[in-house]
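Participant: From first to last, the protein sequence lines are chains U and C.
The numbers in the numbering used here rise by one with no breaks, and the one at position 143 of the first sequence is 143.
The numbers in the numbering used here rise by one with no breaks, and the one at position 3 of the second sequence is 3.
If you are wondering where the hints come from, they were derived from the structure by calculation, not from laboratory data.
Keep in mind the model is a prediction, meaning the values are calculated, not measured.
Heads up, some of the hints might be wrong.
What the hints assert, rightly or not - Below, computed lysine-lysine pairings styled on BS3-like, alpha-carbon distance capped at 27 Å: (1) C:K332 - C:K266; (2) C:K330 - U:K102; (3) C:K226 - C:K439; (4) C:K267 - C:K330; (5) U:K78 - C:K153; (6) C:K286 - U:K67; (7) C:K330 - C:K153; (8) C:K266 - U:K102; (9) C:K310 - U:K102; (10) C:K439 - C:K286; (11) C:K267 - U:K102; (12) C:K226 - U:K78; (13) U:K78 - C:K267; (14) C:K330 - C:K413; (15) C:K332 - C:K310; (16) U:K79 - C:K548; (17) U:K78 - C:K286; (18) C:K267 - U:K79; (19) C:K332 - U:K102; (20) C:K266 - U:K79; (21) U:K102 - C:K226; (22) C:K153 - U:K79; (23) C:K548 - U:K78; (24) C:K310 - C:K299.
Unchecked claim - Taking CB as the label site, the calculated pair distances span: (25) C:P242 - U:K78: 35 to 41 Å; (26) U:P136 - C:P242: 54 to 60 Å; (27) U:K78 - C:G499: 40 to 46 Å; (28) U:K78 - C:P119: 19 to 25 Å; (29) U:P136 - C:G561: 35 to 41 Å; (30) C:R214 - U:K78: 45 to 51 Å; (31) C:Q563 - U:K67: 41 to 47 Å; (32) C:P251 - U:L99: 45 to 51 Å; (33) C:I223 - U:P136: 29 to 35 Å; (34) C:L260 - U:E63: 51 to 57 Å; (35) C:E337 - U:D37: 51 to 57 Å; (36) U:K78 - C:P605: 51 to 57 Å; (37) U:P136 - C:E21: 45 to 51 Å; (38) C:K334 - U:L99: 41 to 47 Å.
In this text, a Cβ means the ideal position worked out from N, Cα and C, and glycines have one as well.
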Amino acid sequence: MAYTISDACIGCRACANVCPTGAITGEKKEVHAIAADTCIECGACGRVCPSAAVLDHFGLAFERIPKKQWDRPGFDLKKCMSCTICLDSCPTSAISQSLLVKGSPHLFPFLTDESLCIACGFCATDCPEEAVAMIPRQDTKPKEPAEVA
Amino acid sequence: MTPKGYMGKIMTVDLSTSAIEIETVSPKVYESFLSGMGLAAHTLYHRIPAGADPLGEENILGFVSGLLTGTGSLFTGRWMVTGLSPLTGGWGEANCGGSFSPAIKRCGVDGIFFKGISPEPVYLYVDDHGVRLEPAGEVWGKDAVEAENQLIKKHPNARVACIGQSGEKLSLISGVSTDRGRLAARSGLGAVMGSKNLKALVLNGKKRIPVHNREEIKRLSQICNKWVQFQPPFVPGWLTAPIGALLRILPFVATQDGMLYKILLKKWGTVSMNQMSVEMGDSPIKNWTGSNTDWGFFKSFSSNPDVFIKNETEKFHCYSCPLGCGGICKTKGKFGETHKPEYETVLSFGGFIMNKDVDLIFYLNELLNRAGMDTISAGHAVAFAMECYEKGIISTGHTGGRPLEWGDPDDIKFLVEKMVERDGIGDLLADGVKSAAEKLGPEAQAIAIHCGGQEPAMHDSRNDPGFALHYSVEPAPGRHTNGAGLYYEMYQLWKKVKGVPKIGPGYFKSSKYKNNIHHARVGKANSAYLNVMNGSGACLFGGFLGAKRIRIFDWLNAAAGWQFTPENYMQIGANIQVLKQAFNIRHGLEPKNNRVPDRLLGVPPQTRGANKGRTVDVDTMMQDYWELFGWDRETGHPTEETLNRVASIA
């Protein structure tokens, strides 16, 4: 299963530039293509496409969403068990870990840089304790580690 | 149909020709052997020919992840290195955690298998654009931590597994490192990697891992985590020794519930056992000749558990582990920090060689992690050298003029540094005690403690006879993680599996040394279950929580979309054992020759200490174990019918 690109594509390269696995190929101003084996269905291409040319696996077109309206992960550090599953699930390695909870020697996750996050939501999907939720962005500059969701 | 849980493919790399292929593996293989250890056993059984040189072209080195890795289950972040061991001449396996296991599956495969020998040092690089062999000249010669740092600088966010100088120098007791010094240490597979001129695997894939029922997996993970997070306050470190002494003195044993060990691990890590195990009679002292009477409270106090967490700046969790038994410790001296030493390292370089100097233990831990050398085997090599010197088998002529004294920190440091360099006496010792003893003659061979070449771990079979059985019968012998009477108590398999022995709430200690058929029944269940855990990528310490708290069988069904019963899974585990045993026989090993040495059996019995007067009849246990598997009672050979049944699956 993978996403596909329709003939509505104008070859602007926005999708290829944001794809975390390099699954999208194509020349400038020509219709691009997604390699099915490499696509991880993160949805980033669909969110940036100005021509609604990216189709999900049901054949439905994505709508463009401005990046500042994308969600980003919020971490509930009370629920978090420091298992690092969210770090590993992030396709852009945007999540790191640090000593964030006073008195605890365990490391906890935080978003290193909001601009790296492509809002795929895999961290939230994969967290076994539902300790990660997708929440609205603050702004695009790096901030303090994320607050409790 | 898209595979679920497992990726359904393996990568094969021919280092002689640089050919790299992706092969599809039939679902039948995963249904019969799972992934991880089972996939490796199946693949290597069929592909490494009889007569292969372990350090030659025909040996295949397999890096495998587990079926449950990356599925949302907990405690399932283990990966394994597998191959024909140059140390034992048979089935080789080494297990490790850290963050490397999911990185294998995110490259789209369940395992990466290397054959051949590269003409120049190389490393394998994999990302979503493809896979290639890169020249490793700039990192060859560097220790495992430096090499990993350099490779991550070049390939940000990648996960690395690599050898240090010991693997490059073909030390038969070297392993493979990840996460800056966590080791897949045993079976000498670091030397196989070095013999292939393969410095590292650098994995940077981002593939998703498909599962059948993510919600069910999460539900089971939440049950498991509730138990892990229950962490009442516990005693200070120095009290662990009196507790061990009490356990030694009491004639009656309460069957161990793994929650107690969980509490110890979460507070301290495996160092929780540093003093307790000595007092209980679990820790071997002075090359298996001593006891707690030679390493009493005031000697072991310097390594009490609180000493290790005093320097701990942060906990270390392997991938998908909610417990976090690891840690990073600040240290004095040139390295500055190290992974918190494990119990095995503390004892191997502590009471086993009569050393009280804990700063030395921290230093050797980092030195050996960086060199990529197994600390258990290295400790045995030092102990062996000390006893040889004491008995006049070696002299200052061998040591370059230095006399050797038990427990002398400078002598120990000297020997280990020489082993890392393979210089002088270090060259003699760097291939383990069996090889060293063969060069020194029969007197040395009598005191070289190994099982088929592999030095056993810091768990005395005179205390727990289950260790004697598993050290002797496991296809990778001499290994403490494969089973023990104590482990079976904690697994509580009888709560989930029909037909396995049930242990009541307590028993008289003396009964441990009788009832051999019970040991073999427990042993068979241990071996099968551990193969299931290793096929899943699960951590032994997770297994210790107990089968009702960590639902391995249910996770497997939810991940893969199967409907296997616990008994089906135990049969899968037994089938994996058949393959590994048959592998050894094909490569010319006789199972009975891996029997543990008499010193570990109380032959003759010790005259003082926790294991005073105890003798273990391992020969009967081994025969019972083989018979329970349906193998020849005298030789341990699987029957032709049994072998054909599992070997015909493709």
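Participant: Give a verdict on every hint.
Facilitator: Cross-check of the supplied hints:
1. C:K332 - C:K266: Holds - the C-alpha atoms of K266 of chain C and K332 of chain C are around 25 Å apart, at most 27 Å.
2. C:K330 - U:K102: Judged against 27 Å, a Cα distance of about 19 Å means the pair holds.
3. C:K226 - C:K439: Violated: K226 of chain C and K439 of chain C sit about 54 Å apart, past 27 Å.
4. C:K267 - C:K330: holds (18 Å)
5. U:K78 - C:K153: violated (33 Å)
6. C:K286 - U:K67: violated (65 Å)
7. C:K330 - C:K153: Holds, at roughly 23 Å.
8. C:K266 - U:K102: holds (18 Å)
9. C:K310 - U:K102: holds (17 Å)
10. C:K439 - C:K286: holds (22 Å)
11. C:K267 - U:K102: holds (17 Å)
12. C:K226 - U:K78: holds (13 Å)
13. U:K78 - C:K267: Holds. K78 of chain U to K267 of chain C sits at ~19 Å (cutoff 27 Å).
14. C:K330 - C:K413: Roughly 20 Å separates the two Cα atoms, so the pair holds.
15. C:K332 - C:K310: holds (13 Å)
16. U:K79 - C:K548: Distance of about 22 Å is within 27 Å: holds.
17. U:K78 - C:K286: Roughly 46 Å between the alpha carbons, so the hint for K78 of chain U and K286 of chain C is violated.
18. C:K267 - U:K79: Holds, at roughly 19 Å.
19. C:K332 - U:K102: holds (26 Å)
20. C:K266 - U:K79: Distance of about 17 Å is within 27 Å: holds.
21. U:K102 - C:K226: Within the cut-off at roughly 22 Å; holds.
22. C:K153 - U:K79: The given pair, whose Cα atoms are some 33 Å apart, is violated under the 27 Å limit.
23. C:K548 - U:K78: holds (25 Å)
24. C:K310 - C:K299: holds (19 Å)
25. C:P242 - U:K78: 35 to 41 Å: Given a distance of about 36 Å, which is inside 35 to 41 Å, the answer is holds.
26. U:P136 - C:P242: 54 to 60 Å: Because 56 Å falls inside the window, the suggested range holds.
27. U:K78 - C:G499: 40 to 46 Å: holds (43 Å)
28. U:K78 - C:P119: 19 to 25 Å: violated (55 Å)
29. U:P136 - C:G561: 35 to 41 Å: Holds - the Cβ-Cβ distance for P136 of chain U and G561 of chain C, about 36 Å, lies within 35 to 41 Å.
30. C:R214 - U:K78: 45 to 51 Å: violated (23 Å)
31. C:Q563 - U:K67: 41 to 47 Å: Cβ of Q563 of chain C to Cβ of K67 of chain U: about 45 Å, so the range 41 to 47 Å holds.
32. C:P251 - U:L99: 45 to 51 Å: Given a distance of about 46 Å, which is inside 45 to 51 Å, the answer is holds.
33. C:I223 - U:P136: 29 to 35 Å: holds (32 Å)
34. C:L260 - U:E63: 51 to 57 Å: holds (55 Å)
35. C:E337 - U:D37: 51 to 57 Å: violated (41 Å)
36. U:K78 - C:P605: 51 to 57 Å: holds (54 Å)
37. U:P136 - C:E21: 45 to 51 Å: holds (46 Å)
38. C:K334 - U:L99: 41 to 47 Å: violated (25 Å)
Violated hints for the displayed structure, listed by number in ascending order: 3, 5, 6, 17, 22, 28, 30, 35 and 38.
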